[in-house]
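> Below are the chains, spelled out letter by letter.
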Amino acid sequence: MKKFLALLLAAMMILSLVPAMAAEAPLTISLYYSDNSTLPFRADWPALKAIQEKYNVVLNIEPIPIADYTTKVGLALSTGENAPDVILGTSTAGQNASLALNGAAVAISDYADWTPNFNARVAEFALEDDVEQLKLGDGKRYYLPQLYDKPFYDGGLILREDYLEAKGFAAPKTFDDLYEILKAYKADYPDSLPLTTIVAPRVLYRMTMPSWGVSLGLNAATGTSVLSWDYEKGEYFAGAISEQYKQYVTFFNKLYEEGLLDPEMTQDATLTSQKLATGKAMATYGYYDQIGGWTQGSEIEGFKLNMYPVLEGPGGAHHQPKNSTGGGIMFPIGTAKRADFEQVVRKIDEIFFSEEAAKIWCIGMEGTTYTMNGETIVYADEITSSADGIYKYMQNAYGCGCDGLQLVWYNAREMTKYDENYAAINAAVAAMPNAIQYIPATPSFDDLTAEDAALLQTTLADAWEVWNDAFLTGKKDIDAEWDAYVQDLKDKGIEQFCEIYNTYKK
Amino acid sequence: MTTIAAASQKNHIRERSLVLDIVIYLVMLFALIVCVVPFLYIIAMSFSSSEAILNNKVSLWPVGFTLEAYQQIVEYPNFFIAYGNTLIYTFCGTLFALTMMVLFAYPLSKNFLRGQSFLMKLVVFSMFFSGGLIPNYLLISSLGLTGTRFAMLIPFAINQFNLIILINFFKSLPGEIEEAALIDGLNWFGILIKIVLPLSGAALATVGLYTAVFFWNDWFYGLIYLNSSQYPVMLLLRNIVNGTTMVGDAGGVGEKASVAIAVKSAVIITSTLPIILLYPFLQKYFVKGMTVGAVKG
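Chains as they are written, first to last, in this note's numbering: chain A, 1 to 506; chain B, 1 to 297.
Hints should not be assumed to be uniformly reliable.
[What the hints assert, rightly or not] A short, non-exhaustive set of chain A residues, derived as facing chain B with CB atoms under 8 Å:
no., residue
1, Arg42
2, Asp68
3, Lys72
4, Asp149
5, Ala277
6, Gly279
7, Gly297
[To be verified] Below, simulated BS3-like cross-link-like pairs (lysine-lysine); rule was C-alpha separation at most 27 Å, straight line:
no., chain 1, residue 1, chain 2, residue 2
8, B, Lys171, B, Lys194
9, B, Lys121, B, Lys110
10, A, Lys183, A, Lys304
11, A, Lys304, B, Lys57
12, B, Lys57, A, Lys186
13, A, Lys246, A, Lys476
14, A, Lys280, B, Lys110
15, B, Lys171, B, Lys121
16, A, Lys506, A, Lys135
If you're looking for bench data, these hints aren't it; they were derived computationally from the structure.
All residues carry an ideal CB built from backbone N, CA and C; glycine is no exception.
Looking at chain B on its own, in the form it has when it is part of the complex (with noise of 0.2 Å):
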């Protein structure tokens, strides 16, 4: 009787189980077309011909297929260069950056360091006040950095946010290894380079994400500081969304309008298919990177 209610129960439980997996893979799969639909939406509006889209005949498939969208921003003036330098800067940057970080964020998180407090509260003082606009352009432009691409390398080089994710990274790990390792003769920086960074992977992979998602988009620092030759390719994608948003709002520009949106489609699909393809990859460290330095040991 006992074994009967038992397996009764066990059922029900699984039943249970059951519709409650059911649900939640709905729920989910509501969320997927959520978020997948305008996406869908947007690739088959970017490779759908402009007569099409004037007759409202796109949904989730692009009709009358053309790359004329594509064409368009191809072949703006410097599209390749303005590709090559974000490229360059989100690769020399996010590679610098980690560089400075690292060598900043170690010895910080060493409390025998004298002024370890007073670095920190440099540190934490800069994140809430800035200088703003015209005192560090008047900076960088004074250190002869505008024109230069290098200013968008090196005042971006320390993140406070990333800066603190690394140092309480690094006070996490057990400090009986770095010991052990001081007693075996490597000094501090032989301990960062053959001990902490191979035990860091998931800190690095996380502040390095962040760090490249803002080289990647970065479109601000890139209009102010450099000259046209030297703009990131989301200037110039701003510009032409800017562009075809203008259309209608002013006349010389209008015969461009059957294919605006179309053109805009395009522009989300070229400057954001290079972080979406590398995200699969790094996603299990942008999830970790919620926790990495939240525990402090």
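For reference, chain A alone in the conformation it holds in the complex (with noise of 0.2 Å):
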């Protein structure tokens, strides 16, 4: 009896242990990632490895080269075949809308129990309209965007601050300032080009045109290269044809004729290095951290360059607009299928979007990365010794601060990776009223509509760059053309293109 007492006995501890057991058996889940070149993914890395640890979850992250992200996931969705448990990076933006109204992803937003730190992380950062924009025109949304408390200005006007001081100028404010600088400059260097473009002139396009209250082009905020969204209207309106536009074009004429403006528009990141670095150019417009870069290898004195807040131009000071949602996570129709999907989605939220999360795939491990004095983080003396500077070198050895991993921005914590120096400019730019726009919601086609606004888009697309390019170098007068050029753009139906975008607004 006390024999079979004790085997009673023991069999009922260990069957106690199994659920134990059970529970600490980690969730394995399959992702696929966008890998960036410059950023190569590691499976190694600590912030990685971290969260692995803490919420006991296996990460088995397959790398996609960012520029064939598009087709991997496309022929995962569409094919549903070999489609990983979820999808980083991605959108339902493009082909990708079809393919989830068509079955192929989880509409996420169906499930919004097993999402609270999403919730908790919106409604933290009052994005509950912008979220509500992201759903198809079933109403649904698929996935879980990244989320930013407020944009960054992490990209501007780049210009010689060196040259402002050994002439007196103040910063510029105005687009009026930046003539007479380059004027300035061109006037001491006459074989130079003062304003250099960065990757054909699309970054000085979608960074300047909001300043005369239109985004046209390849960038265009709307992503309709014609159409404009007003703001005040909440509403399209024909950019192209606009007299904000003519006012535009007519001041960038100006710079061009005068030789202010480089008129090699098709140089690689390279020529505009070279340019910038031997002082053949002056000012461009670019990204923050890449003034490193040129102020490294340029030879000349006490050369300095910096970026400066957003110029105030006929339309307002107005930077690129930005949204404060991005491209997150995505669940193929597959992992719907798994018996403890409610748990994988449950994981996938707390990973990325919980609040001790979010701060490990920012900053990294506390006592490890950085530690707290009061309310400031300390980074590690090997962080910020680093000669990448603490952002940089945080991705590359921590895997801090990757877009595809790191899904919950806070603008402040940010800003302490970073110089004084660029938080100052942010700080600037985010007192300055509206500088960063939102960018309006995709109309939710129908199939056919869509199919009629494409083809619509295409042709008013190329005649307008067609049109841009000829008032930029003056091939065609502005003055003498414009209602030539207005009335080519309404026969290929620009207006009637601009109605069915008002039709189709959220």
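Taking the hints as your guide, dock the two standalone chains into a single complex.
Structure representation (structure tokens):
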């Protein structure tokens, strides 16, 4: 009897351990990750390891080259074969929208109860409307987007601060100020082309046009090339044939005619770098973290570049519009067939959107990458002394601040990773009223209308490019040819195109 | 008199020939410069310091010699694994493809083979009409090949264009030799191995080179069928080039702008060097390949 009781007790003890053992088994999730060669993915990133250990999860991440990410994701979604459990860094833009609507992805908005951390961050950042706009035509949202509390001013006007100081110029506040600076530089260096472009004029257009109240071309905020968004009325308008655009192209034509704008419009980043480093150019529109490379390489004594807050134009001081949401997490439909689907969704929500996890993805592990001095984050010496700078070093060495893995972005916390100058510029821009406007939501077209709109857009975008180049370079006189240009775009259906967008706008 | 006239004419012809030679050499020299200078420039860029590149000092000779660009490439995670993968795909793929194509082409070169014409039509049909990306992907996936290295070998074992080259080459071989071998007691397989293949060096080298170049250059099928640990090096190099191209178009990647062109140049050298080294030895076959199978016997 004693033996029986002992056996029974032993059995009960073993059985009591079973649920605990089961609970300890880590959840395994496979993921696609968009891999950028300038920040190659490493499976041994300490932040990634810390997350896996802390949340008892095994993340089998498949890094896919960024240039081919859409192809691979599209194939996985459209065939449903060999799809991972989770796709990072994606959205329902482009073909993914129709794939999602045709049942290739999980409508994650149906499972809002399973994403409490995501819901909490959305509420914290007051992004309910932004997230609402991500719903497709069927009223469902198919991914958990990246969330930003405030948009970043990571790029803008970059020019030679040493020149401003030498000539006694104040920091430019308006485009007229910029014109005067460029003109002075041209007078001092007649062979120069003071304002140069980067990656064709796309960056220049998208960062400067909003100060005239339009956003056109390949990187137009509306994604339509020829329409712009009226922020007061909350509707689309034919920006390409507007008076604002006429003023814009007139201004840049003036720069071009006076030799202040670099006529080379198809150069790559290297050529831009060479022109800046050698003094052939003194200003461009680019990104803050490019300044280091250009400055280090220059042999000009006292060479100093800086980024400046948004300049004011006729339409106010506005930078390239940005959203407070970005590409995020999508679940292919096959994941819903997993018996533990709920746990997978809950785990993903926890490891990417919970406050603690978001902190790890951003600044790493307390005691390792940083310590807290009251409210202040103090980074480890190894990080602060790195020549790469805190931000880049933490990305490469720890996997912190990687675009695909960090889903929650607090502006103030991010600024601790940059130098004081960058933080000050960001603070200056944040203090400007509405300097970074929102991107209007993409309308929910039905398939037929989407096709009509795409056909019109292709023709209009091509026509705009040709006319814009001709106006900018003076091949066509803006005043004399303006009416013909407007008529040409009207003939090509710009008004009809605008009407379609306004009919289906959200 | 006649002798003098003949000598003068001879001299005249010799002079004309010399002038023509000079013109030909000059044209060829120009062609050579046009081909070699960009390559030398790329080599020089790949070995130059970012400061020298930024200050526009590099022409045909490296300035501020550095291996930084190559270091960046080889430090890329899995670079050597990927290079090894490509060598495996190129070597095994070429060997497997040659074997399969020879085994397919030889019977098809025989007009007395029943159904030969039908099979040829099938081959030609599939040359012009394919299933498309998604059906192909589904096929490879349902065969259980995705995520295995076989996905790079089996689907590309037979290339119709190369197959037709081989068929026509085999047809051009004298049938009498095979008849003699048959009379001597060799079977068809023995004839293929012992008679036909030893006579087909040029065709096999040409087709082998075409196939090797295909496997060496491929990145797309690697991308869609394989896992990241099985990726060929071309996919990695493509990603590196794209990464440097995107510099300036997005924040967060700009500090490497200065060496972007150096990295791009290093990638070009890394990816083309093995084929360039191989080319002089196989060039004659490439030239022959233009005519191999062009005339059928």
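> Decide, hint by hint, whether the structure agrees.
Hints versus structure:
At a threshold of 8 Å, the smallest CB-CB gap from A/Arg42 to chain B is about 6 Å, leaving the interface hint in force. Taking 8 Å as the C-beta contact cut-off toward chain B, the hint placing A/Asp68 at the interface holds, the least distance being around 5 Å. About 6 Å separates the beta-carbon of A/Lys72 from the nearest beta-carbon of chain B, less than 8 Å, and the hint is met. A cut of 8 Å between beta carbons decides the hint on A/Asp149: the least distance to chain B is about 17 Å, and the hint is violated.
A least Cβ separation of about 4 Å between A/Ala277 and chain B falls short of the 8 Å threshold, and the interface hint therefore holds. At a threshold of 8 Å, the smallest CB-CB gap from A/Gly279 to chain B is about 10 Å, leaving the interface hint violated. With a least beta-carbon distance of about 3 Å to chain B, the hint placing A/Gly297 at the interface is held under the 8 Å criterion. Taking the CA atoms of B/Lys171 and B/Lys194, the gap is about 17 Å. The hint holds against a cut of 27 Å.
A hinted pair counts as satisfied when its Cα atoms are at most 27 Å apart, and B/Lys121 with B/Lys110 qualifies at roughly 15 Å. The hinted pair formed by A/Lys183 and A/Lys304 meets the criterion: a straight-line CA distance of about 19 Å does not exceed 27 Å. For the hint pairing A/Lys304 with B/Lys57, the CA-to-CA distance comes to about 21 Å; that is within 27 Å, so the pair holds. Under the criterion of a C-alpha separation no larger than 27 Å, the hint pairing B/Lys57 with A/Lys186 is consistent with the structure, at around 24 Å.
Using a Cα cut-off of 27 Å, the hinted pair A/Lys246 and A/Lys476 holds, with the two alpha carbons roughly 13 Å apart. Using a Cα cut-off of 27 Å, the hinted pair A/Lys280 and B/Lys110 is violated, with the two alpha carbons roughly 70 Å apart. At most 27 Å may separate the alpha-carbon atoms for a hinted pair to count; B/Lys171 and B/Lys121 meet this at roughly 17 Å. For the hint pairing A/Lys506 with A/Lys135, the CA-to-CA distance comes to about 10 Å; that is within 27 Å, so the pair holds.
Checked against the numbered hints given earlier, this structure breaks hints 4, 6, 14; the rest are met.
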